[in-house]
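Engineer: Based on the provided sequences and hints, a complete structural model is requested.
Residue numbers for the sequence shown follow my numbering, beginning at 3 and rising by one.
Think of the hints as simulated: they come from the structure by calculation, not from any bench. Treat each hint with caution, since some may be false.
What the hints assert, rightly or not - No more than 30 Å apart at the CA atoms, straight line, and that leaves these computed lysine-lysine pairs for DSSO-like:
1. K370 x K344
2. K258 x K370
3. K206 x K258
Claimed, not checked - Beta-carbon label-pair distances, calculated as ranges:
4. I85 x R269: 48 to 58 Å
5. G272 x M379: 30 to 40 Å
6. S319 x G270: 27 to 37 Å
Glycine is no exception: its CB is placed at the ideal position from the N, C-alpha and C atoms.
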Amino acid sequence: MTVESTAARKATRSSGTKRTASAGAGASASAAKKTASASAAKKTTRAKGQTAKAQASPQPHEPELVQLLTPEGERVQHPEYDIDLSADELRGLYRDMVLTRRFDAEATALQRQGELGLWASLLGQEAAQIGSGRALRDDDYVFPTYREHGVAWCRGVDPTNLLGMFRGVNNGGWDPNTNNFHLYTIVLGSQTLHATGYAMGIAKDGADSAVLAYFGDGASSQGDVNESFVFSAVYNAPVVFFCQNNQWAISEPTEKQTRVPLYQRARGFGFPGIRVDGNDVLACLAVTRAALERARRGEGPTLIEAFTYRMAAHTTSDDPTRYRRDAEREAWEAKDPIQRLKAYLEREGHADAAFFEELEAESETLGKRVREVVRAMPVPDHMAMFDNVYADGHALVDEERAQYAAYQASFEGGEAK
Numbered sequence: 003m004t005v006e007s008t009a010a011r012k013a014t015r016s017s018g019t020k021r022t023a024s025a026g027a028g029a030s031a032s033a034a035k036k037t038a039s040a041s042a043a044k045k046t047t048r049a050k051g052q053t054a055k056a057q058a059s060p061q062p063h064e065p066e067l068v069q070l071l072t073p074e075g076e077r078v079q080h081p082e083y084d085i086d087l088s089a090d091e092l093r094g095l096y097r098d099m100v101l102t103r104r105f106d107a108e109a110t111a112l113q114r115q116g117e118l119g120l121w122a123s124l125l126g127q128e129a130a131q132i133g134s135g136r137a138l139r140d141d142d143y144v145f146p147t148y149r150e151h152g153v154a155w156c157r158g159v160d161p162t163n164l165l166g167m168f169r170g171v172n173n174g175g176w177d178p179n180t181n182n183f184h185l186y187t188i189v190l191g192s193q194t195l196h197a198t199g200y201a202m203g204i205a206k207d208g209a210d211s212a213v214l215a216y217f218g219d220g221a222s223s224q225g226d227v228n229e230s231f232v233f234s235a236v237y238n239a240p241v242v243f244f245c246q247n248n249q250w251a252i253s254e255p256t257e258k259q260t261r262v263p264l265y266q267r268a269r270g271f272g273f274p275g276i277r278v279d280g281n282d283v284l285a286c287l288a289v290t291r292a293a294l295e296r297a298r299r300g301e302g303p304t305l306i307e308a309f310t311y312r313m314a315a316h317t318t319s320d321d322p323t324r325y326r327r328d329a330e331r332e333a334w335e336a337k338d339p340i341q342r343l344k345a346y347l348e349r350e351g352h353a354d355a356a357f358f359e360e361l362e363a364e365s366e367t368l369g370k371r372v373r374e375v376v377r378a379m380p381v382p383d384h385m386a387m388f389d390n391v392y393a394d395g396h397a398l399v400d401e402e403r404a405q406y407a408a409y410q411a412s413f414e415g416g417e418a419k
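Structural biologist: And the structure:
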């Protein structure tokens, strides 16, 4: 633009009429309006795009995970993990979950009645346990925590045998080698090291089997668990770590335990991790089966995070109402693992009313047997606690046995009541 043209425009503006000035102002106002409209349109478009993106991306309460059965009971496919089960197999999984839940409910009631000292409920975690438990072969070995009642069921351990320790009449109640199911471990995370060592032994023996180790989101913060990750990765051990992330380590939520999703921790140790819908029994079965096969092929460990929810208290000594909201539980009730499989069975015509009625009757029979067996458990010999401390005799144990025998003899009648 030249100086002359600028001067000419100034002259024109100064000598113009009010109409001309008014017209210029109108044009400016019109342009401003158009600009504002365009800006608003862009904001609207951007907002719609962000909304669409938010809807497409998983929300904090809906993380990315492997899922084959939606909470509504609709079958969906997954590109990497899928499974084809017969109607009988599907009914079997449903039966496993229903009977496991009934046993768990009976155990909780027995504790409230004073028949058990403590109980750790699995309510809400049936799919994670039954799905992973049914993925095992007979020659695989399991290292549980203290809540894997559903896995014990899958391994053929009599449910009543789980209750002796909680009643205080034995130290476990079953022979681990009979069912390849180790005794319950109360100390958090220590069983993952046992599992890793056992898996390393399997590898040295050249056996075609794998190990499945269970722990919770809270135990994932333990040093033992991280050490087991190191050893299993370095020695390429055939072990699968199955973390049941039930959202609460007693009263501490997951977000106060870790800055990243738990399954992503495996990457730092050099082996794969995967998150599965822990309330989807089909997905848990498919993912665990694949991980176990990978271990058997000599490809090393895998971490599975089963994203689930603990519907009951941590144990019967806990009060979850002090630290979590009812609305949270209600939201997870809509994802109930048993109800979603039932909906699928009914939709596909894989189960009729007669099946559910027979299962209800079987559930009642199981509940009655559990109550009768627990109340009839004999009181153990007090001195028996010294018998299996060591394989051979031990001077210190002999001394403690003698001291305890003298203590018992000091009571009227020969022993403390």
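Engineer: Hint by hint, where does the structure go against what was stated? Just the numbers, ascending.
Structural biologist: 2, 3, 4 and 5
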